[in-house]
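Student: The primary structure of each chain is shown beneath.
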Amino acid sequence: MAKILIIDDDPDIVESMRIILESCKHKVSVAVNGEEGIKAAKAAKYDLVILDVMMETMSTGFEVARTLRASRENKTVPILMLTAIKESTGLDFNSEVGDKDWLPVNAYLEKPLKPNELLVKVESLLKSAVHKGK
Amino acid sequence: MKAASPPYGLTGSLYWLIRLRWFAVGGVVFTALFADKALGIKLDYGALYSIAAALGVYNLLFLLYLNRVRAAAGPDLPVITNRLANAQIPLDLLSLAALLHFSGGPENPFAYYFVFHMIIASILLTRRASYLQAAFASILFLAMAGLEYSGLWAHHCINKAGLCFLGAGPLPLLGSAAALVSTLFIAVYMATSISLELRKKEATLRAANLLLEEKDEIKSNYVLRVSHDVKEHLAAIQACLDPVLHGLTGPLVPAQEGLIRRSYARTEKLLVFVKALLEITRLKLSKRMETGPFSLLKTAENAVRLVEEKAADKKISLTWSVDKGADLITGAQIYIEESIAGFLANSVKYTPEGGSVELRVTDEGDKVKIRVTDTGMGVPKDDLPHLFEEFFRAKNAKAAERTGTGLGLSIARAVAEKHNGSIWVESQEGKGASFYLVLPKSVPGPGAAGSSVKA
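Taken in sequence, the protein lines are chains A and B. Letter 40 of the first sequence, counting from 1, is numbered 51 in my numbering, and no numbers are missing. Letter 120 of the second sequence, counting from 1, is numbered 121 in my numbering, and no numbers are missing.
FYI, nobody ran anything at the bench for these hints, they're computed from the structure. Idealized CB from N, CA, C, for every residue including glycine. There's no promise every hint is true.
Facing chain B, according to a computed beta carbon distance under 8 Å, are these residues of chain A, among others [unchecked claim]:
1) D23
2) V25
3) E26
4) S27
Quick list of in silico lysine to aspartate or glutamate cross-link-like pairs, EDC-like style, CA-CA up to 20 Å [said to hold, decoys possible]:
5) B:K432 with B:E354
6) B:K396 with A:E74
7) B:K396 with A:D20
8) B:K270 with A:E74
9) B:K202 with B:E218
Quick list of simulated restraints, FRET-style, between CB atoms [as the list claims (entries may be wrong)]:
10) A:A95 with B:K396: 16 to 26 Å
11) B:G248 with A:K56: 35 to 45 Å
12) B:P381 with A:A95: 51 to 61 Å
13) B:A401 with A:A95: 16 to 26 Å
14) B:I219 with A:K14: 20 to 30 Å
15) A:M12 with B:D230: 21 to 31 Å
16) A:E121 with B:K276: 23 to 33 Å
17) B:V245 with A:M12: 44 to 54 Å
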């Protein structure tokens with residue numbers, strides 16, 4: 012029901028998310044790197060962007076999030092960030108989520124993803140966006 | 002106390018001493034010529050030149066002996082060099098005393114050259130031995146002075162008659178002897194203090210280095226254990242996925258099959274990585290490798306077979322040749338094959354369709370040179386120095402291929418190191434790359450035969 016853009020360069024993770032999200036009737040688009048993601052988010056309006064924090068090439072998820080926020084079209088689009096780096100870096104995103112300059116996203120989830128967690132998070136983000144929209 | 006053991010690096014110091022002695026021979030000859038021709042001092046120059054000649058002869062003998070001992074490189078080398086050091090310095094002291102005797106005896110201000118020998122002794126020998134050398138030099142000087150003063154030995158005066166202080170009573174002579182002897186002992190005290198300090202620091206550094214190596218080994222063992230555990234679980238996951246994927250648990254709808262296929266492929270990739278990690282860690286931990294004679298031609302052929310299919314898929318022309326003289330060598334065949342296959346796999350992976358990959362094994366005398374050249378993407382200049390580091394992948398390689406362990410080339414490097422060979426890459430980004438592995442035809446050193454890789 013919602014239009015969701017996934018920006019992640021891991022085709023297997025993308026496929027798994029696609030199947031989970033489509034099971035709830037969401038419409039899923041995919042971008043395989045940051046630049047494509049930014050382009051796609053400009054070209055069409057999405058209800059939610061799911062963004063991986065670490066991409067092997069091009070920009071990191073942080074930069075993509077900041078770029079999205081800086082553009083007119085995506086100032087308020089909910090962004091869900093995915094991370095697999097918490098253990099290796101010790102970075103705790105809890106306190107930083109929403110920080111305008113550092114981590115301008117609405118929520119984050121750690122990989123490996125559990126289908127239920129993903130769906131709950133996605134629904135709550137979509138709901139809060141609808142609230143704000145009103 | 003560690004100071005009693007012969008100092009480290011003594012052989013090098015002995016060569017240094019031998020080089021210095023050539024200068025001493027030259028210096029003696031030059032000074033004698035100058036005193037004779039320019040200053041017109043009347044001395045027994047025959048005796049002086051003979052001593053210089055003797056100095057040259059025993060220096061040459063020491064050099065030859067040291068070369069021979071070092072070439073033999075027996076376990077008693079440190080003992081022999083230590084003995085040599087202890088023997089050379091008294092000989093030098095005797096030579097200097099003899100030179101002094103024929104050129105003014107205790108009057109000759111060059112008597113202070115004894116200090117140089119004290120410094121050399123302090124560097125090469127233990128403190129006790131250095132003090133013994135100082136005592137020996139003092140006895141030589143005092144004996145010479147006493148004998149010349151008492152008239153038992155002839156005195157070869159270098160000053161004009163009347164200025165000879167041997168004639169001025171015992172006091173000037175005793176004064177100059179006391180000054181020299183105290184100088185020698187103080188010089189030994191100072192120089193040995195410094196060199197002991199240096200030796201202590203060196204020992205500390207060596208101990209620290211040993212500790213680091215031990216820690217590295219502990220870390221490697223840890224990696225080995227963890228990788229083993231990870232591998233076990235991965236194998237179990239694959240074992241569970243396999244029957245499902247093959248329909249043994251009932252038919253799958255396409256979405257199910259797709260996801261399971263993906264899972265299977267990802268565990269496979271992780272398995273490849275863990276296996277490579279196990280291999281490089283084992284290689285690093287192994288002190289020796291199992292080596293034996295084998296055919297490099299067959300090995301190269303095996304390696305080529307491994308990538309043939311992939312190369313054909315990409316329409317890459319794959320050519321190879323092995324020099325006749327480079328066929329039979331001794332080494333760890335499995336690892337060498339893996340290194341060559343690693344080179345080839347890399348080249349095929351990073352060469353675009355229609356390119357070419359070439360393997361050439363050439364005879365280089367007592368070595369063989371293995372070269373793999375491709376027309377691929379090349380290596381960015383900044384990445385070249387790191388290419389053989391563990392887990393390192395060049396920027397453009399990462400961009401082109403998501404997966405890769407970053408361990409293939411470091412395994413090849415470890416193989417090169419274990420064979421006392423060398424490994425390097427020549428490349429320009431966008432213009433292809435050449436990978437080289439040079440190996441000795443037979444592996445020298447201990448452990449080359451009959452030993453095995455520690456698992």
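Student: What are the numbers of the hints that this structure violates, sorted from low to high?
Tutor: The structure breaks hints 2, 8, 9, 12, 14, 15, 17; every other hint is satisfied.
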